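There are 2 protein chains.
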Amino acid sequence: MSTQFKQAEHKIPGPIEVADEVLYANAHPSMSHVSPEFIPVFGECIKMLRETLLTKAGQPFLIAGSGTLGWDQVASNLVEPGEEALVLHSGYFGDSFADCLEAYGAKVTQIKAPIGAAVTEAQIEKALKRSKYKVLTFTHVDTSTGVLSNAKMIAQVSRRVSPDTLIILDGVCAVASEEIRFDDWDIDVVISATQKGLGTPPGLSVVLASQYALNVLENRKTPVTSYYASWKRWLPIMKAYEFGSAAYFATPPVNLIYAFHVSLKSITHGGISLEERFHLHREASKRVKQAAFDLGLKQVPLDLDYSANGMTALYYPEGLDADDIIPLLMKKDIVIAGGLHKDIKGKYFRIGHMGLTAVDGSRGDLDKIIQGLQETIREAKAAKGVQ
Amino acid sequence: MSTQFKQAEHKIPGPIEVADEVLYANAHPSMSHVSPEFIPVFGECIKMLRETLLTKAGQPFLIAGSGTLGWDQVASNLVEPGEEALVLHSGYFGDSFADCLEAYGAKVTQIKAPIGAAVTEAQIEKALKRSKYKVLTFTHVDTSTGVLSNAKMIAQVSRRVSPDTLIILDGVCAVASEEIRFDDWDIDVVISATQKGLGTPPGLSVVLASQYALNVLENRKTPVTSYYASWKRWLPIMKAYEFGSAAYFATPPVNLIYAFHVSLKSITHGGISLEERFHLHREASKRVKQAAFDLGLKQVPLDLDYSANGMTALYYPEGLDADDIIPLLMKKDIVIAGGLHKDIKGKYFRIGHMGLTAVDGSRGDLDKIIQGLQETIREAKAAKGVQ
Numbered sequence: 001m002s003t004q005f006k007q008a009e010h011k012i013p014g015p016i017e018v019a020d021e022v023l024y025a026n027a028h029p030s031m032s033h034v035s036p037e038f039i040p041v042f043g044e045c046i047k048m049l050r051e052t053l054l055t056k057a058g059q060p061f062l063i064a065g066s067g068t069l070g071w072d073q074v075a076s077n078l079v080e081p082g083e084e085a086l087v088l089h090s091g092y093f094g095d096s097f098a099d100c101l102e103a104y105g106a107k108v109t110q111i112k113a114p115i116g117a118a119v120t121e122a123q124i125e126k127a128l129k130r131s132k133y134k135v136l137t138f139t140h141v142d143t144s145t146g147v148l149s150n151a152k153m154i155a156q157v158s159r160r161v162s163p164d165t166l167i168i169l170d171g172v173c174a175v176a177s178e179e180i181r182f183d184d185w186d187i188d189v190v191i192s193a194t195q196k197g198l199g200t201p202p203g204l205s206v207v208l209a210s211q212y213a214l215n216v217l218e219n220r221k222t223p224v225t226s227y228y229a230s231w232k233r234w235l236p237i238m239k240a241y242e243f244g245s246a247a248y249f250a251t252p253p254v255n256l257i258y259a260f261h262v263s264l265k266s267i268t269h270g271g272i273s274l275e276e277r278f279h280l281h282r283e284a285s286k287r288v289k290q291a292a293f294d295l296g297l298k299q300v301p302l303d304l305d306y307s308a309n310g311m312t313a314l315y316y317p318e319g320l321d322a323d324d325i326i327p328l329l330m331k332k333d334i335v336i337a338g339g340l341h342k343d344i345k346g347k348y349f350r351i352g353h354m355g356l357t358a359v360d361g362s363r364g365d366l367d368k369i370i371q372g373l374q375e376t377i378r379e380a381k382a383a384k385g386v387q
Numbered sequence: 001m002s003t004q005f006k007q008a009e010h011k012i013p014g015p016i017e018v019a020d021e022v023l024y025a026n027a028h029p030s031m032s033h034v035s036p037e038f039i040p041v042f043g044e045c046i047k048m049l050r051e052t053l054l055t056k057a058g059q060p061f062l063i064a065g066s067g068t069l070g071w072d073q074v075a076s077n078l079v080e081p082g083e084e085a086l087v088l089h090s091g092y093f094g095d096s097f098a099d100c101l102e103a104y105g106a107k108v109t110q111i112k113a114p115i116g117a118a119v120t121e122a123q124i125e126k127a128l129k130r131s132k133y134k135v136l137t138f139t140h141v142d143t144s145t146g147v148l149s150n151a152k153m154i155a156q157v158s159r160r161v162s163p164d165t166l167i168i169l170d171g172v173c174a175v176a177s178e179e180i181r182f183d184d185w186d187i188d189v190v191i192s193a194t195q196k197g198l199g200t201p202p203g204l205s206v207v208l209a210s211q212y213a214l215n216v217l218e219n220r221k222t223p224v225t226s227y228y229a230s231w232k233r234w235l236p237i238m239k240a241y242e243f244g245s246a247a248y249f250a251t252p253p254v255n256l257i258y259a260f261h262v263s264l265k266s267i268t269h270g271g272i273s274l275e276e277r278f279h280l281h282r283e284a285s286k287r288v289k290q291a292a293f294d295l296g297l298k299q300v301p302l303d304l305d306y307s308a309n310g311m312t313a314l315y316y317p318e319g320l321d322a323d324d325i326i327p328l329l330m331k332k333d334i335v336i337a338g339g340l341h342k343d344i345k346g347k348y349f350r351i352g353h354m355g356l357t358a359v360d361g362s363r364g365d366l367d368k369i370i371q372g373l374q375e376t377i378r379e380a381k382a383a384k385g386v387q
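As they're listed, the protein sequences go chains A and B. Under UniProt numbering, the first residue of the first sequence carries the number 1, and numbering increases by one thereafter. Under UniProt numbering, the first residue of the second sequence carries the number 1, and numbering increases by one thereafter.
One chain only, chain A, in its complex shape (with noise of 0.2 Å):
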């Protein structure tokens, strides 16, 4: 798997850095996707996705587009018009889900965390005894927050209390950085997308549903509500793969799902365990934070347990804002995210520390990001005269 390419200098991006095997893939000479060549790696795509997200019979699929095109799944797939859906809202991400799940005729209902809090036990048993929802869904990691929901307590309570209910995670930011035991926590969907953790290019849409999501469509009323999205079109197609023959319904990226297919071979077959995966990466979001809190940085999470671990979301200190702080990481090489969620925009800034960055410590990102931020909290009070 090694290459002697090495990708062009640059800055450490926010989101995620591509090891140089993921990008010489991305490279690959073209190659049509029904070759006897490609069926094999998109074959192993869809079994080592399963390995990642630790389920045997789990469904994954795999269709280029960006993780969004996950909701138009699930919303087209499994909810049908005039069924109600329930959405944990922990931040950004839940009005844009409801936005979607509305657009194909559902009737949502939101529970809304305040900014830096995660939706309570106790809240989403309420809501799940009061009314017959086909899907819950929430945001295993809200980018627009930092903020890490308990994956497992909502799985858990939701059967419980409603055991008809469709579990839906929307993993785009958490999928390789957080601990998802999709058999074990008995999710139902996991969406994500191959640009965060998975340590791949943007530009696929990874999906992975449990058989008793596929029988809920297979029983459905009426007809799936989109072409492009529609499960049953490409059912035969991820089966066919798997199973070491071509079939056609749309060109897969073919180049990208060589690019996954190193990402994830390094994932599930690379020098560490999958555990050890995850505990690498809370292990570099305790530094991350820790410096922060040295810093005197507030998180955007109100509480520790309930923050991610492949990111970090911080207010900038009083009296500092996006124009006295990112222009001076920048010219350090580090990149960092300014804020998203609606309410303090601009009141905060977001520091990638997923994949590479956490499990190789030998590249020494994280000793840079926070050597870096120390620097330049300092010079930025210094030139501003804040204390």
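Note that these hints are calculated values from the structure, not bench results. Model, not experiment: these values are computed from the prediction. Some clues are possibly wrong.
All copies of an identical chain are treated as equivalent in the list; a pair is satisfied when it fits inside any one copy or across any two copies.
Said to hold, decoys possible - Once the Cα atoms are required to be at most 25 Å apart in a straight line, the calculated PhoX-like pairs of lysine-lysine come out as: (1) Lys107 / Lys232; (2) Lys232 / Lys342; (3) Lys47 / Lys152; (4) Lys239 / Lys345; (5) Lys132 / Lys221; (6) Lys347 / Lys286; (7) Lys107 / Lys221; (8) Lys232 / Lys345; (9) Lys112 / Lys381; (10) Lys342 / Lys239; (11) Lys107 / Lys345; (12) Lys342 / Lys221; (13) Lys331 / Lys232; (14) Lys368 / Lys332; (15) Lys345 / Lys112; (16) Lys342 / Lys332.
With chain A's structure known, arrange chain B on it following the hints.
Relative to chain A, chain B alone:
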């Protein structure tokens, strides 16, 4: 734009060769989609797509997905449930577009041409006089048959008989290899993808909509029936990037857009004009078709004037089939595609000769293809004792 990067050794694939520079851009270091370096790259792709399709005011939509997603965009944005659609069928892709339209509630009428033919002007005129259609769709090049429809004629008759009907050109296999004059011919939507004449790996849905089409969208009575494919959600994003700022609806496939930028630049500002590009495709096509004729091979298209210039579909010689031909060509490092149209699937094969293969004679791709085909037919006939 030059680079030291050389892609790995490979056979000549059927669909398209991708330039080293384009693949190198696909291996660009990870960049945030809102980074100041990326914004103009996306913005320029939007502008260069307009140039490629010869339009001033057409609105591009560049969305992570395959070409198929373009059908969903037409069906969910421009056709309201219960409205009528006229699909001109010149091969496999007509049936699929019809399926897609029906998935979103359209009432579809298909006019089916015999295999190898296109729908005639008289048939179109008669259909448009009989009923009121919201959209008329046609496949410019149906890759399952190699039939090239006369886009200019179709647009003319449609506008003359039914001025309000939206004219939808499916150009996945045609854009940048066949002449398309969006403004002059008065087309409303062109649907395409990156992986054919546009010379880039697959994974980006490429769509161009007229201001009239956007106006029809604006005046819908019912909501758009998709979320991910909704132009109302994408329009502000495309405008933001074009005018130099970032906006977010769903993550763009950043690396692929870097790659697409390099390819579009060579199409619109490379050594040869668009007119010359079309001319070179016609010349390449003539060479391949003449060579096939000299070998006694029969084309699937019934008329040379209705034959694609970026590909050639040929029946196997009497007494020979795929197993006799494809492996022999493969040994000569030439990849061709088997049949796709279900009625004649095992009876014919397809050769791609678009993009670099047609435009850059110094590569010698055409010589290699033609010589390989000549040798293969001779060898296969000898092996089977066929005259």
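Quiz prompt | Enumerated hints in conflict with the structure, sorted upward | solution = 9, 11, 12, 13 and 16
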